[in-house]
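Trainee: Chains as they are written, first to last, in this note's numbering: chain A, 1 to 589; chain B, 590 to 1178.
No lab work stands behind these hints, which were simulated from the structure alone. Yeah, the Cβ is synthetic: ideal placement off N, Cα and C, and Gly gets one too. Treat each hint with caution, since some may be false.
Unchecked claim - Restricting the straight-line Cα-Cα distance to at most 30 angstroms, the calculated cross-link-like pairs of lysine-lysine (DSSO-like) are: (1) A:Lys369 with A:Lys149; (2) B:Lys804 with B:Lys832; (3) B:Lys895 with A:Lys260; (4) B:Lys607 with B:Lys682; (5) A:Lys260 with B:Lys1168; (6) B:Lys832 with A:Lys524; (7) A:Lys555 with B:Lys1115; (8) A:Lys524 with A:Lys469; (9) B:Lys640 with B:Lys895; (10) A:Lys524 with B:Lys863; (11) A:Lys524 with B:Lys1178; (12) A:Lys409 with A:Lys369; (13) B:Lys804 with A:Lys539.
Claimed, not checked - The calculated label-pair distances, taken between Cβ atoms and stated as ranges, are: (14) A:Asn485 with B:Gly996: 40 to 50 angstroms; (15) A:Lys555 with B:Asp834: 29 to 39 angstroms; (16) A:Asp214 with B:Lys604: 54 to 64 angstroms; (17) A:Tyr249 with B:Asn900: 28 to 38 angstroms; (18) B:Lys832 with A:Lys308: 48 to 58 angstroms; (19) B:Pro1126 with A:Asp403: 35 to 45 angstroms; (20) A:Asn257 with B:Ser662: 25 to 35 angstroms; (21) B:Glu1142 with A:Lys526: 42 to 52 angstroms; (22) A:Lys524 with B:Glu1164: 14 to 24 angstroms; (23) A:Asn567 with B:Asp834: 50 to 60 angstroms; (24) A:Asp214 with B:Asp842: 27 to 37 angstroms; (25) B:Ile995 with A:Asn460: 39 to 49 angstroms.
Here is how the chains run, residue by residue.
There are 2 protein chains.
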Amino acid sequence: MYKSSDENRSNQFSKHIKHYKIPELLTLSSGYELSDCEISYETYGILNKEKNNALLVCHAISGDSHVAKHDDSDIEGWWDIFVGPGKYIDTNKFFVISSNVLGSCMGTTGPNQINSATNKYWGADFPEISISDMVLVQSKLIEHLGIKKLVSVVGGSLGAYQAIQWGIQFPEKTQSVVSLAGGSRLTSQSIAFDIIGRNAIRRDPYFYGGQYYDKEESPDTGLALARMLGHITYLSQQSMSDKFDDDRYEPKDVDTNFEKQFSVGSYLAYQGDKFVERFDPNSYIVLSQAMDKFDLGENSISISNKLKNKNLKWFLISFSSDWLFPTSLSQELTKALFMAKEQVSFVEVPSNCGHDAFLLEDDIDYYGKYVSNFIEHIFIEDENTNSKQNKKSLSFDHELILDFVIGSKNIIDMGCGDGSLLDYIKNYNQGGSLLGIDNNLDELLHASQKGIPVLSLDLNSDLSIIGDKQFDTAILSLTLQAIDNVEKILNEMCRIADKAILSFPNFAYYPLRNMLYEEGRAPKSKGVLGYEWYNTPNKRYMSIVDFEEFCSEKKIKIINSRFLNSNTREFVQEEYNYKADLGIFIISK
Amino acid sequence: MYKSSDENRSNQFSKHIKHYKIPELLTLSSGYELSDCEISYETYGILNKEKNNALLVCHAISGDSHVAKHDDSDIEGWWDIFVGPGKYIDTNKFFVISSNVLGSCMGTTGPNQINSATNKYWGADFPEISISDMVLVQSKLIEHLGIKKLVSVVGGSLGAYQAIQWGIQFPEKTQSVVSLAGGSRLTSQSIAFDIIGRNAIRRDPYFYGGQYYDKEESPDTGLALARMLGHITYLSQQSMSDKFDDDRYEPKDVDTNFEKQFSVGSYLAYQGDKFVERFDPNSYIVLSQAMDKFDLGENSISISNKLKNKNLKWFLISFSSDWLFPTSLSQELTKALFMAKEQVSFVEVPSNCGHDAFLLEDDIDYYGKYVSNFIEHIFIEDENTNSKQNKKSLSFDHELILDFVIGSKNIIDMGCGDGSLLDYIKNYNQGGSLLGIDNNLDELLHASQKGIPVLSLDLNSDLSIIGDKQFDTAILSLTLQAIDNVEKILNEMCRIADKAILSFPNFAYYPLRNMLYEEGRAPKSKGVLGYEWYNTPNKRYMSIVDFEEFCSEKKIKIINSRFLNSNTREFVQEEYNYKADLGIFIISK
């Protein structure tokens, strides 16, 4: 049977909980006017004098304000690995605010509390709420704390929805938004799971239309079933196999009235029973419904209309095995943000852990560091962030591309690696927007460390996430030879940018010709041609003349070109198809 | 409320149902002795005089004996698209038997029937049954019909388990097994869904410990919830989006006590309510439990131990978006069958339809034709199946490989295309085993039409599905130049076969040399080199000498080699790296 919030988890950390009763009437998105709304929250770290180091963390469906321990004697927080002194969200630097959401049962006004108008439990009379209402309540708290602008709003799952909604509703009150395992709306599949969970609760004979607080029994079975189902969707197929296959027929000995077969069965029974002790069925209905109805639009165009002129920095992170909030949803939102001309980074973290990944240590080296790089750079953005890099540290290829780039403000580097080219470019394009794409997350992490917006993407996959003419210049440096569909990527570069700069090795450079002609061997050189025939990532072997002919056939305009000998670091004017080992082209369509 | 079988669907096709009461006591796998077991079944087509054209079709969890219409006036069968006159399982040729499984509620003995020993409904006293028990009951029916050996046992989902179990339990009574959307056992994720379904039924207050038949109420809510959940797992994420996204907020107007929000909600409510009308909660528990406990082993080694010396032909089909019985399960079983030296074909059908794909028309052009090719070839296997192909119709490359193959019995062609080489080889290796691999399902379908066992697999992916030294000879014809990991595939060829034969274009053939040297252009020729630099599937450009050096470095033995000029169709002895355009090697490790 459900125990009221005084008896459950929140009681254990209640000494840290603060309460703020919102003095004014709140008009909810349904039109309902809510009075006496009280918000429970906790804070970590110290708000600086300028009050510009505050950050709001938003919790998921079953979470609470206790995001982290306040000290060693404190009970565990739900995101201790992420938030705390020296952690990825460093409470030595940031003043972290975490509040319980409206409609929950962990302190903030919700169905398990007394409605002051009737002096009865709210129960099923609790008004339908939306993510927007949750965010409205949080904004009142931020105001109360005297904070004009947050560094960021950060959250995962339902928390990600709140962060995203902050960006839409109060863009002037935050500098940035971080969404982990979020997206633009749920899939029909995910909604279906929520519906079954709500049906299990509402059709439990002890639901009593939601007014079970004074009864002997409450809809525990329904809530436990909903929670069991939730747990399957939080894990991935792989992580469930990893967790339960080895002792498939050896269930843990749990005290339960649910089925006791299979190790996964005992896990579900335990999770279901435990949840009933600490969560309120009405809150589950209210919150899951708010989640199901969060919908920024059915496609990137309709979504982007809600995102225009926010002038925020966004960082979206998805997890490859998350099927509750699949990567495609974050990609759709990223695409819409690009269309709305917002500054956005998006990274898909390869993970076995499913939706829960953002709460687990397994992949924190990626998602933790990316978030940490992002929020730290926002915080120091007023400082001089010019690169300390010396032009001499650039590769010859990059040095030459740089000459072509000067004058461009908005630049995308496709295959940016550690971001050193863009980092150097930063010196010249104050106020411009940069983006680095790479599919190597370790390299890309270096780029994010340099404060460059990043996008994890395989250049051979779909580039339609990036809008038309979003950039002045697109760069593809020494990468064309490893691309599957050459025509497609060149078309895409010309679509997303006014001009495209690309460099590639010339396969007709005379030592390569000689190698095949005289020795009868697959040509090989150094640098990007420094592989053996059987292990090279290259798959396109073109000469400068091949490329020129290709452009002419495909109606691609060559605006400029340079041919180089990278050994002598000299330009080649004559017989370039013979004497140059590198071609650099500016093209457009 | 559940209606007994007389009132439901089975009543509508009951005029075609036949009944057989098994005279003897059946000892179930649990040790329970079941008396008076009665099996309901239907038959289609005519049993020939030799009684060798019979085929058993097995149904999934909610199915029945009514696999297809008997005539135009008949009600719909559950597999009308697949079974019938002129259909993929052609009842003009085959005598098709379809029976209701033990433990179901559609006619065969199950919990909703009267236990003759107590004169009460079986209810929860119905013994726990296994897939093996279902198959035992079916075998009694086959015996009763005077059939010594079936052409095949065919089934999908729970039906696939029955087909596979037939192969294990009664290998002498069938020539082959066809498994659609099956596997070696369920994933922990799939078991978890079943557990929640059973918990919903058993914890429904109207379950009355399973003895609800005489009560006013039955556990309808629990069964409906279980069915709703089932329906999510039968579809894919993509197919649910396709089905429900367009009218997400426009639920159908269904008469239900379940949630009415969202179009997917009205679908689930409708499916849940409808199921309660025709299915028995106890049967759902009994059958889902049997499914969860079907387990051939945790890995291919343990599975293969159960599959040895069956001497059957197996055909496994999985569907790419099926996450209830994912492809990996069929692959594991395929691997085990290879290890057990059974003849096995496996095809993964690309599909958006999820687990339900095997019941739907969307992908039937693949799965229907593959199954049809397979069973027809089994039926005519005694006929002379020698290829009518003329040696002259073979390509020059194949003609030469053929010389190297003579004497080999067990041959795998990696990248077999339409199977013409293997088809020709058939003439010479009576009693040997052949296998064609390709990732092009349309080409592979032609191979299956020729009666060649097939395996749909990308050669760049994992080949570990095939066991060590399974074949005498592995062939890789004109494909090496398009392989990602050359070293891996050569090692794999040497692992799975005693010797490997491979042919590839010589990149140092003099016209190619000249093209690069004199013209400064990416070399191009005809055949596999007949692409442009920007669209060629090739990614490895090696000369004969490159390959020879590679073998020497990697300790690969070259047993034999031939160098050819395919224009003149002559062997090249001298200056082969210059004058030959094709190399053929036999290698081993």
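Trainee: Against each hint, give a clear statement of whether it holds in the structure.
Mentor: Here is what the structure says about each hint:
For the suggested pair Lys369 (chain A) and Lys149 (chain A), the alpha carbons sit about 23 angstroms apart, so the restraint of at most 30 angstroms is met. Among the hinted pairs, Lys804 (chain B) with Lys832 (chain B) is inconsistent with the structure: their alpha-carbon atoms are about 38 angstroms apart, more than 30 angstroms. Pair hint Lys895 (chain B) plus Lys260 (chain A) holds up; C-alpha atoms about 28 angstroms apart against a cutoff of 30 angstroms. Between Lys607 (chain B) and Lys682 (chain B) the alpha-carbon distance is near 21 angstroms, which keeps this suggested pair within the 30 angstroms criterion.
In summary, the hint linking Lys260 (chain A) to Lys1168 (chain B) is not supported, as the alpha carbons are separated by about 73 angstroms, beyond the 30 angstroms threshold. The straight-line distance between the Cα atoms of Lys832 (chain B) and Lys524 (chain A) is roughly 53 angstroms, outside the 30 angstroms bound, and the hint therefore fails. Annotation: proposed proximity of Lys555 (chain A) to Lys1115 (chain B) holds, straight-line Cα distance about 26 angstroms (limit 30 angstroms). Taking the CA atoms of Lys524 (chain A) and Lys469 (chain A), the gap is near 37 angstroms; set against the 30 angstroms cutoff, the hint is violated.
Between the alpha carbons of Lys640 (chain B) and Lys895 (chain B) the distance comes to roughly 29 angstroms, so the proposed pair stays at or under 30 angstroms and holds. Restraint check for Lys524 (chain A) and Lys863 (chain B): not satisfied, since their Cα atoms lie roughly 68 angstroms apart, outside the 30 angstroms limit. In summary, the hint linking Lys524 (chain A) to Lys1178 (chain B) is supported, as the alpha carbons are separated by about 27 angstroms, within the 30 angstroms threshold. At most 30 angstroms may separate the alpha-carbon atoms for a hinted pair to count; Lys409 (chain A) and Lys369 (chain A) meet this at roughly 28 angstroms.
Restraint check: the Cα-Cα separation between Lys804 (chain B) and Lys539 (chain A) comes to about 72 angstroms, which exceeds 30 angstroms; the hinted pair is violated. Between Asn485 (chain A) and Gly996 (chain B) the beta carbons are some 43 angstroms apart, a value that agrees with the proposed interval 40 to 50 angstroms. The given range of 29 to 39 angstroms is respected by Lys555 (chain A) and Asp834 (chain B), whose C-beta atoms sit roughly 37 angstroms from each other. Remark: the range hint 54 to 64 angstroms for Asp214 (chain A) to Lys604 (chain B) is upheld by a beta-carbon distance near 57 angstroms.
Checked against the hint of 28 to 38 angstroms, the pair Tyr249 (chain A) and Asn900 (chain B) passes, with Cβ atoms roughly 31 angstroms apart. In this structure the supplied range 48 to 58 angstroms is violated for Lys832 (chain B) paired with Lys308 (chain A), their Cβ-Cβ distance being about 32 angstroms. Checked against the hint of 35 to 45 angstroms, the pair Pro1126 (chain B) and Asp403 (chain A) passes, with Cβ atoms roughly 36 angstroms apart. Between Asn257 (chain A) and Ser662 (chain B), the C-beta spacing of about 50 angstroms breaks the proposed range 25 to 35 angstroms.
At roughly 20 angstroms, the beta carbons of Glu1142 (chain B) and Lys526 (chain A) sit outside the given window of 42 to 52 angstroms. For Lys524 (chain A) paired with Glu1164 (chain B), a C-beta distance near 22 angstroms keeps the hint of 14 to 24 angstroms intact. The given range of 50 to 60 angstroms is respected by Asn567 (chain A) and Asp834 (chain B), whose C-beta atoms sit roughly 57 angstroms from each other. Remark: the range hint 27 to 37 angstroms for Asp214 (chain A) to Asp842 (chain B) is upheld by a beta-carbon distance near 35 angstroms.
Roughly 42 angstroms separates the CB atoms of Ile995 (chain B) and Asn460 (chain A), a value that falls within the hinted 39 to 49 angstroms.
Hint compliance for this structure: hints 2, 5, 6, 8, 10, 13, 18, 20 and 21 are broken, all remaining hints hold.
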